[in-house]
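With the hints as a guide, dock the two chains, each given alone in a separate frame, to form the complex.
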Amino acid sequence: MAVALKRSLAVLVKSLGGPKWWQQASRSVSISASLSRVESPPARADATFKVTMLPGDGVGPELMTAVKDVFKAGDVPVEFDEFHLSEVQNMASEDKLEELLSSMKNNKVAIKGKIHTPMEFKGELASYEMRLRRKLDLFANVVHVNSLPGYSTRHNNLDLVIIREQTEGEYSSLEHESVPGVIECLKIITRAKSRRIAKFAFDYATKKGRNKVTAVHKANIMKLGDGLFLQCCAEVAQLYPKIKYENIIIDNCCMQLVQNPYQFDVLVMPNLYGNIIDNLAAGLVGGAGVVPGESYSAEYAVFETGARHPFAQAVGRNIANPTAMLLSAANMLRHLNLEYHSHMVSDAVKRVIKQGKVRTGDLGGYATSDEFTQAVIANLAV
Amino acid sequence: MLSNMNMPRLAQMQTVTLIPGDGIGPEISSAVVKIFQAANAPVSWEERNVTAIKGPGGRWMIPPDAKESMDRSKIGLKGPLKTPIAAGHPSMNLLLRKTFDLYANVRPCISIEGYKTPYTDVDLVTIRENTEGEYSGIEHQIVDGVVQSIKLITENASRRIAEYAFEYARNNQRSSVTAVHKANIMRMSDGLFLRKCREVAESYKDIKFTEMYLDTVCLNMVQDPTQFDVLVMPNLYGDILSDLCAGLIGGLGVTPSGNIGANGVAIFESVHGTAPDIAGLDLANPTALLLSGVMMLRHMGLHDHAHKIQKACFDTIREKKVLTKDLGGNSKCSEFTADICRRVQDLD
Chain A
1 MAVALKRSLA VLVKSLGGPK WWQQASRSVS ISASLSRVES PPARADATFK
51 VTMLPGDGVG PELMTAVKDV FKAGDVPVEF DEFHLSEVQN MASEDKLEEL
101 LSSMKNNKVA IKGKIHTPME FKGELASYEM RLRRKLDLFA NVVHVNSLPG
151 YSTRHNNLDL VIIREQTEGE YSSLEHESVP GVIECLKIIT RAKSRRIAKF
201 AFDYATKKGR NKVTAVHKAN IMKLGDGLFL QCCAEVAQLY PKIKYENIII
251 DNCCMQLVQN PYQFDVLVMP NLYGNIIDNL AAGLVGGAGV VPGESYSAEY
301 AVFETGARHP FAQAVGRNIA NPTAMLLSAA NMLRHLNLEY HSHMVSDAVK
351 RVIKQGKVRT GDLGGYATSD EFTQAVIANL AV
Chain B
1001 MLSNMNMPRL AQMQTVTLIP GDGIGPEISS AVVKIFQAAN APVSWEERNV
1051 TAIKGPGGRW MIPPDAKESM DRSKIGLKGP LKTPIAAGHP SMNLLLRKTF
1101 DLYANVRPCI SIEGYKTPYT DVDLVTIREN TEGEYSGIEH QIVDGVVQSI
1151 KLITENASRR IAEYAFEYAR NNQRSSVTAV HKANIMRMSD GLFLRKCREV
1201 AESYKDIKFT EMYLDTVCLN MVQDPTQFDV LVMPNLYGDI LSDLCAGLIG
1251 GLGVTPSGNI GANGVAIFES VHGTAPDIAG LDLANPTALL LSGVMMLRHM
1301 GLHDHAHKIQ KACFDTIREK KVLTKDLGGN SKCSEFTADI CRRVQDLD
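Chains A and B, in that order, are what the protein sequence lines are.
Terminal number for the first sequence in the working numbering: 382, no gaps in between.
Terminal number for the second sequence in the working numbering: 1348, no gaps in between.
Under 10 Å between C-beta atoms, here's a sample of chain B residues computed to sit facing chain A:
no., residue
1, Tyr1119
2, Tyr1135
3, Met1186
Below, in silico cross-link-like pairs of lysine to aspartate or glutamate (DMTMM-like), each with a Cα-Cα straight-line distance of 20 Å or less:
no., chain 1, residue 1, chain 2, residue 2
4, A, Lys223, B, Asp1144
5, A, Lys223, B, Glu1139
6, A, Lys50, A, Asp75
If you're looking for bench data, these hints aren't it; they were derived computationally from the structure.
Note that CB positions come from ideal geometry on N, CA and C, so glycine has one too.
For reference, chain B alone in the conformation it holds in the complex (with noise of 0.2 Å):
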């Protein structure tokens, strides 16, 4: 538990469910509560473990503590965590979803000045609708050498996505909102997806409202990136343009991801590996969490401590002098951190 001394103005404490994860969650962990001290945010941390325990009734659930406090407290903070191959139960992140509906995604891609990429200049976010799609997990076998997938698409999922979607354009001051799709090819239920984004961006008449093909997005988007903006679409979809966008702007390592639910949950991630092969060697690289926590900083409208902290991350990697070796460099997790929270105290 952290104690702030010297808190400045009347910032009220904020609960913040924090989940270590396995791996090297734990040190990247530490080293964004760390990054947090230095920068005063008024945030007080409460860590939970979630590993998978048998409920009554034989359901697979998280601990209850763990529950009770994200209950409470709707934000939480979680690093990577582990899935066991035949522990018999479902993966943890599927349970957290069922869990606490975190019915989207949310990823923003922003270029990382000095760490470079072919791309540049990338700003974009995507939302994908996180409960339903191609992942609905209902496929059976008809006859022997014939599998059925379902892709399920409802009304009220499509409606609820695409008015988060608009929201966050808004709250977040974006210009534009697109729609992917394949609509020419599966005419019903995504045209079901766009007629509720169409008629949601009634609502929103100022913000841009476009659609585009999945195929056609793909194609501009290795080309030019820089013409998207907002990009909202379905479960399938969103699972891989997110990814192609944390690969233009560098990869999982650097790429901060939001989930939101239903009850006003939020839980913000690093969506990288647990990297078994260097936890506990103070080699990790901490920005993924530290960026999900500085998203986090923005949904509970700590702006100027989430602009500080973001700042002092990307002046580090800009300058060079202290990366991890997954950015290039040799230096250890500790002294990445020391410096971002250096910098960080010189920013105030």
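Just chain A, same shape as in the assembly (with noise of 0.2 Å):
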């Protein structure tokens, strides 16, 4: 069956050279469960949906219990299918690696947490977590800023989506040292996923009723590069009169998010941006113990939370917020058209978020995880 599945993802890449990938490409955010190319497991008399669960470092396993719990205690139809893959605990192999793309390829959805880079590289330059994003080709990552209610912060009644290309850009892993002393790094642009990125976020504009999308760039300093990026952003907005199209330069960009976020609506641009503005973004609404994001790929989508940190200083303390895997789980559930649950679990977290009562450390409280999580069963029901 792998042999299979590599045979039809090979199939897959080769077509998305060409002119085909305009069908692939406005498959994606639409995506449905059920891929004829590819086998199935038997249909279970039960009816839950399977999904893939990785943990990963840091404080990942502790989230997930609470995910876990919460999902059991709301009676959702979900199995999860862990894996642990691990960089730093000594847990990743090649073997493990193409287990887990097995299991996610078969299952379509999956949850994770962050396998942390360590800096020190042992052969190979990219990480496993840039290889799980490129061999899945997971192309779209969407982080979701929104202010919670009965939560303020510096800047209230935020709503904004940050779209960023995480495939290629500055994490391209191409480097190398030309002279001792010297070193090279490459960032490659392309045509073809500048224009993927794009029209996924005019598409995901126009989905969900957006009024504009705004591309971030320093075309003016890399001519070429992020010239290209913006040059098939301003062709792609031309497909979609409805939608308002500017851009920015990206250092205009942060300062403006600081002092005036609110001209902001959807926001799409090249993978280090995506990067610094995600977690600029998080820290504007609280951190990045509250903000969901996933990853789309033109079948798959992996559920995360917005800004992607280890956290490993929260290890076994019991003081991570569980809210940010919470609303991803929630969002998760929509996905996967089980929109009840859906809104039962995201409804629950924002209750006890809005009563103020329980609350972890990083947003001014004095809860512990197992609390809070205690907390949102509690309000699951009513």
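Shown next, in the form of structure tokens:
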């Protein structure tokens, strides 16, 4: 079966290079769980959905426990296939990666924590997280930045969507030392991928009823690279006359986000700028513990937190905030068409935060992760 | 040319090359000159123009008299320069950077009492490597539709900027230096930068050295900027972070900036634009250029004068009686300047 999967993926990749990619990419937003080319496991009698779970490093396992507890209490018909892949805990190998990939390709939907990338590298410059993204071609990362009702920050009532291309750009992992003491790192921008992410952004904006898409770039300095990205965005923008299109330079964008973030709606950008803006925007609404995010490819969807940090200093201390992971799990349920359960989970989380009695340390409270999870469970049925 | 008739003590007059710039440049430059005169700062100004000219061999360069003045005085104060589109020559800032090998860009970001932003108590300095990194300008189209930009990190440049950062921290009584990087993703290039920072940190044991990922810095910066002190980083991250920090304290209209070169040359500038729509109407805000001038005085060792002028400026803004339009008032630039001059003289 693995061979059949590999073959079908190869065909998919080849077709993405030519004009057929338009059709492939246009399916990206309305991802349904079935794809005729792949063999699916026999239908289960109890009609639960199978989802791959990858706890990752740092506080990932704790957050996943929170998700599992809430799902169990809420009687959510989802079953998790757990995998443990970690570079820092010496649980990484090619076989594990292959197992994980085949499970993901089978289930089509996954929920994961962050796989920490250590700074030292043994041989391969690309980390496991990067390779996972590339192999599954998870090209679009969407982060929802919404202010939480009941928790006020310096900027309230924010509602942004940040769309980031996450397979090329500065994260090419192509580096070399030309002579000792001089290192080159290549940033790759291609027309195909830029068009793809631009189209994804506009499709997303259309589907969610958004008014404006802003492209973030540094084309005044990187004239060819970001210039190409900008050109692709402008070309795609012409196909969507109802959606306003603007562009802004990355440093000005950062300045505007801290002074007046309300001027933005949907933002689309290449890899590195996406990393910066994701984290900046997460900080605006309350930090890495409250922002959910997901990654899409043409066939798969992976749900995770918006700002991806392993948060190793909180391991074992029961202080991590499960909000981001729970909200992301709720998004996953909506993706699986389990609307009722999705609302149940997200409403419970929002209610707990609004009440303000049980809050973890990052939101200024004193509750532990367990207490927060229990509070969410208590609010589920009501 | 100014003649300081009542020169106090035996302060040596130091020459500074003044580049007024375009747009609102000339009016804010004269505002700064007035204020320095009111403070009796021992500075004599040499005004120069740096519009690019084509030198022998067809290469664009700055006028030789400007270069000669700067090489002699070693200190410059520059207003905003226009970057004409399709003039054929590269940006003026790039030209200046290449001419004087300005390798470090320093931006101190201090919250201005009286100009309220959602972020209070910001007091940090961003030091950015200004010659290489992602802005090396080396790009090419490999095949149609595939573009490659090269980010260059060298050992020498990384070491130089790290040494400057620690020297700056020591000279300005700063307690810690944080290296900002993405060495988990760009393992070789940012790895080299980080290694050099660590090596230099060994010789400066009195300064605390920490390292932080760029995304973590961004996340924490907007939640609690008070945890940062001096930040040192390669070119692109520096560009973004320094503008982010400028946004925290109120924008480019109030942010000073300094560029340090390899041969002891230092050029201090305001980083806002030329604002052609208000040029010549006496509406401009000279704060950014004035604070850059204050930075320059500190660099020259004239700490007393620097402190006086900064205090006068902050007091004027805090009182809110004569503010220019961008600061929320409706006074003229000359009124704002006069108020600061008065305060400076009162402080004497």
